[in-house]
Amino acid sequence: MTNVQSAVASRGSEDEFNGEWHVYEPHRVGLPPLGSYFRTLWRRREFVYALARADLRAQHFNTTFGQLWLILNPALLALVYFMLVAIVRNGGRGPEFLAHLMLCLFFFRLVSTSVGSGARSVVGGGRLILNMAFPRLLLPLEAVLTCFLRFLPTMLIFAIVFFIVGLPIGPHLLWTIPILALFVVFAAGAAMITATSQVYFRDLSNFLTYFTRIWLYTSPILYYVEDIPARLKPLFSLNPLYPMLGALNDVVIEGRNPPFTFLAWSFAWALGVLVAGSLFFISRERDFAIRL
Amino acid sequence: MRSVSDDRLTEGVDPSAKEDRPAIRTEDLSVTYRTSIEAKPTLKKTLIRLGRRQRVVREVQAVRDLTFEVPHGTVLGVVGVNGAGKSTLLRAIAGILPPTRGRVEVLGRVSTLLALGVGFKGDLSGRENVVIGGLAAGLTRAEVEAKYEEIADFAELGDFIDMPMRTYSSGMFGRLAFSVAVSLEPDILLIDEALSTGDARFRKKSFERMRELCADARTIVLVSHGMNAIRKLCNEVIWLDAGRMVMRDEPEAVIHAYNRYLDVEEDENPDDDI
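Top line first, the protein sequences correspond to chains A and B.
Note that our numbering numbers the first sequence so that position 116 is 116, with each residue one more than the last.
Note that our numbering numbers the second sequence so that position 64 is 64, with each residue one more than the last.
Bound-form chain B, shown alone (with noise of 0.2 Å):
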């Protein structure tokens, strides 16, 4: 078996290995939220109901039957209204939602970039998150304070860098956010509208990062309202509704398709987004 930790840093996947497997494979990927009916499961409210015999769990189904394979140097859209599944697919392929069932395979090293990752403590200045995020991803010390100089370069901060992250504008967020999770040099890059509040001149560049990344046969799922962004980036697209793979052809035809399912025209589209 391969030492996973050495070269994380240095090296990708086994090229070897590359030829055998997609980056991604699920098969039958459900996943099953199950919530109490209430927000927050409390005391008098269990005893209510166990007195009532009603059932505790509401069942919501995500993600449903999923099965497709993503090879590698792909950048994969997904489309789909508000509600479709689309971030609950990318955290079951991150490893953050257990499948309820199937199952996910990924070959390669994974970075997220949900929803706004870093920055979960609000007190903390930027500096600190990026040092916390990465210790958490699993780099050492030295490792992150190689890889400090450049995630603050990349997110032209200046001073708010040093500032508490609650005085941080949500485009500020976000920079620092990408910037955390290309410098980690993911395998597979899994994005959810993180950049949708970059400035136009971030989002170029970071577009242009997000090239780079392909063209190093890493691999790319980006979810997105923006369907400029999603034709400009991506080579391949599906479209979810409901948990269920609607279609998956190439960007075009999705999003031709998508858009007429919308109801709306191609030129209502925000063009500036991702």
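Isolated chain A (complex conformation) (with noise of 0.2 Å):
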């Protein structure tokens, strides 16, 4: 690189999106200023926010149960994996099984349509990528906020049912939160990676299909954790939402503070994802233009 050269770049501007002065050479792999693409990416919020409620208020409009639906579709697929874990033991388990079925199935479905949503969200934007230059980042964030939003009002109904079944309150229930969160970062990582991953590979979003459904039987969800036999143990805790499932229902249903090693590994994975999703996506994305 010339003098010159090097004096117009250290002039680039804050917003490489939107800013005054722009060079753009050749770096269609590599990772921009990221400092300036966060900040940029940051001043988009609202971005995010109006997108996810439109796509919201677009979906089951044509309905006649409407919004509804955000509630009634969870509800019945915990009701028929209810039924269906009857039917597989020999017997029904009890209304705190119930209990704990809603919750993880409702925190996997937060990670899994997040998974799913953000296969989609880089290929099925394409026209605004190809009109406009923002931080494409933008698009797997939206779709795990429309998850988010999404999912919160399944927790409405798991508030009816943790009355009704009667389980511990305390001020054990606080941990939610972090774990909540380490849901999303978790889901918002893996995101990424299936947004960026789907550009290159259409044919992932006919896999993620039946890997979720694997990944549900094999995650402490339709069974507890203590279910699973002590030899197969070392294989299930590789699953990440093994140690997040385990301190979620620790908390909720069994009423006590999850164990380190638990919230130790949530930790790690939720973080190790969502720092080598964010990478993977930013990285590539000056490449998805050329591919779309």
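For the record, the hints were derived by calculation from the structure and aren't laboratory data.
You may find that some hints are simply not true.
Short derived list, chain A residues pointing at chain B, Cβ under 7 Å [unchecked claim]: (1) H22; (2) V23; (3) F47; (4) A50; (5) A52; (6) R53; (7) A54; (8) L56; (9) M132; (10) A133.
Pair by pair, the computed Cβ-Cβ distance ranges are [what the hints assert, rightly or not]: (11) B:Y261 with A:L292: 26 to 36 Å; (12) B:E143 with A:R89: 56 to 66 Å; (13) B:D216 with A:G126: 57 to 67 Å; (14) B:V264 with A:L292: 30 to 40 Å.
Note that beta-carbon positions come from the ideal geometry of N, C-alpha and C, so glycine has one too.
With the hints as a guide, bring both chains together as one complex.
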């Protein structure tokens, strides 16, 4: 690089996508300056929120029950799985298990829907990507926010079950807030990974359907952590959702503080996936417009 | 370093900066699309290809070694046959497509009107699309709301502004897209044949608006097949063919040469599209 060029580059604008002085050079793969990238991202946070709310309104627009499906859908799903477990086990498992199943299923769906709609976010946002310069990371983040907003009403149903079953109430319940945060962070990181991968490998979203189903069965949702046979436990604990769901179940259903190992592993997974996912996404995003 | 966000709406480019730099400068700009041979890469085809050890990628050189400068206040026309690389050039200037080689320097806030930029969500109303598009462009919600009335007034869509955009005609689409693009008060406006759908009255109005923008020393790059529009609006024209610059001159000269190349008479050109 000549002196002139580097002088110009150092004047590079604060907002990479909307500043006054832009220099575009070949860098299809590679990281942009992360500081300004995230500043730009933060400045557009209202876009994420507005788009997510608009998406929510557009869904279920034509159905009779409309927005009620946001509650009906997960409630019916929980009921189906509850019956499935009763049939497989040749007998029901009682109301406390129903509470466990609903809680874990709803949290699982927060992750699995994020992964699924994250995969569609970039490929489906083609028009926006081809016509505007903006940090593409907004797209998977919007997908995750939409899933989170769809997740919130399910907590209402769960709250009802929680009180009917008479699960323990106390300060330990405050743990649900950081645990929920870890779920969201993990979901966001995973959505960034699927969003990027989908651009290069369009079959991904087809596979994801089956992958998430297996993921559901191998996570402690349709059974308790204690039900896992001892010799399979090391294998099951490789699942990132194993410590997360375990901690969640301990807090809300069992009414005790979660063990440190669960928290530590959950934190490590969530942060690790977020960092890996965002770096993977950002380093590839300049390539998206060419490949859509 | 000047603060970018605060004065974005109120003021254009720092006047002192204008003197030493053109609005747009490209140096040996090349953009190459790398597409796999299938329209959509899938596992089966990938596996088959891996088995045969074929190369996955086919390269399409859309823009090749373009070097030019556009001074502030210029309306630059870009003409060329379909597939000549005009839209790719605009997207490279807008920072949407990264250059494969060379570089692009742009001084000023860019607004794009590329083949119907807004309206990416057909289920949402025109109003919602305007708000979301503005937010994506980096405006705050307050700024978008402040602009909104102006945009709606200029587009003259009446009640349609609150209807889902999938119910819009292509002309309505174009009107709204144009209104949004000019209302962002860009220093550089990139227009890609987006006005061809408007009716005569709206075209006249948008002509006037573009003239206003130029008078303000804003810069416009206009891709069009309408030679009359090019003639009326532009003070310079580039003719692209297969990604290379064939000619750069004043409008009459380029239009004359281009028409001769296309083998059409001047009056055969549809004179009212832009």
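Going through the hints against the structure:
1. H22: With a closest approach of 4 Å, the A:H22 hint holds.
2. V23: holds, 5 Å
3. F47: Cβ of A:F47 sits 4 Å from chain B, so the hint holds.
4. A50: holds, 5 Å
5. A52: Nearest chain B Cβ about 10 Å off; hint violated.
6. R53: Since the shortest Cβ distance to chain B is 9 Å, the answer is violated.
7. A54: holds, 5 Å
8. L56: The hint is violated - A:L56 has no Cβ within 7 Å of chain B, the shortest such distance being about 11 Å.
9. M132: Holds: closest Cβ of chain B sits about 6 Å from A:M132, inside 7 Å.
10. A133: holds, 4 Å
11. B:Y261 with A:L292: 26 to 36 Å: holds, 32 Å
12. B:E143 with A:R89: 56 to 66 Å: Given about 59 Å between the Cβ atoms, the range holds.
13. B:D216 with A:G126: 57 to 67 Å: violated, 33 Å
14. B:V264 with A:L292: 30 to 40 Å: Holds: the Cβ-Cβ distance is about 34 Å, inside 30 to 40 Å.
Hint compliance for this structure: hints 5, 6, 8 and 13 are not met, and every other hint is.
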